[in-house]
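According to the numbering used here, the residues represented by the sequence shown are 1 to 109, in order.
No lab work stands behind these hints, which were simulated from the structure alone. Source: prediction; values computed, not measured. Backbone N, C-alpha and C define an ideal beta-carbon position, used for all residues, glycine too. Any given hint might turn out to be false.
[What the hints assert, rightly or not] Derived CB-CB ranges, DEER-like:
#1 Phe28 x Asp56: 22 to 32 Å
#2 Arg27 x Pro76: 39 to 49 Å
#3 Asn50 x Ser79: 26 to 36 Å
#4 Leu17 x Asp61: 32 to 42 Å
#5 Tyr71 x Glu31: 35 to 45 Å
#6 Pro3 x Ala87: 24 to 34 Å
#7 Arg27 x Asp73: 35 to 45 Å
#8 Gly49 x Ala93: 42 to 52 Å
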Amino acid sequence: EAPPRLVIWQTDGHTALAGEAKTILVRFAGEIGVDTQFLGNSIADSTCGNYGLCPDLAMRDMISGLLKLYYDDKQPFESVAEAWAQALGPSLAKADAIMCGQPLYWCRF
Numbered sequence: 001e002a003p004p005r006l007v008i009w010q011t012d013g014h015t016a017l018a019g020e021a022k023t024i025l026v027r028f029a030g031e032i033g034v035d036t037q038f039l040g041n042s043i044a045d046s047t048c049g050n051y052g053l054c055p056d057l058a059m060r061d062m063i064s065g066l067l068k069l070y071y072d073d074k075q076p077f078e079s080v081a082e083a084w085a086q087a088l089g090p091s092l093a094k095a096d097a098i099m100c101g102q103p104l105y106w107c108r109f
């Protein structure tokens, strides 16, 4: 019988925490009895590739564009957070769990 499957949707600006979680959950899948898959959406260019957690280019552009609205264009946090949830929410449909890393405050689903 196949082990249960856990799909984790992940986003962050620094991949270390999610990367370590992925390493443990995937490497020890047999021991813990769970087949874990990560849907990586990290925009940490220098490290997301190390863990296989980089999003596709369209998702990366969407996330970066939303963050630019707040950090560069100085739009109010609440309006950008709402746009974030609306834009990224549909991509959560395939996930059993959400893992948000730095910055945590963007994940308000």
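Hint check against the structure, violated hint numbers in rising order: Checked against the structure, the hints that fail are numbers 4, 8, while the rest are satisfied.
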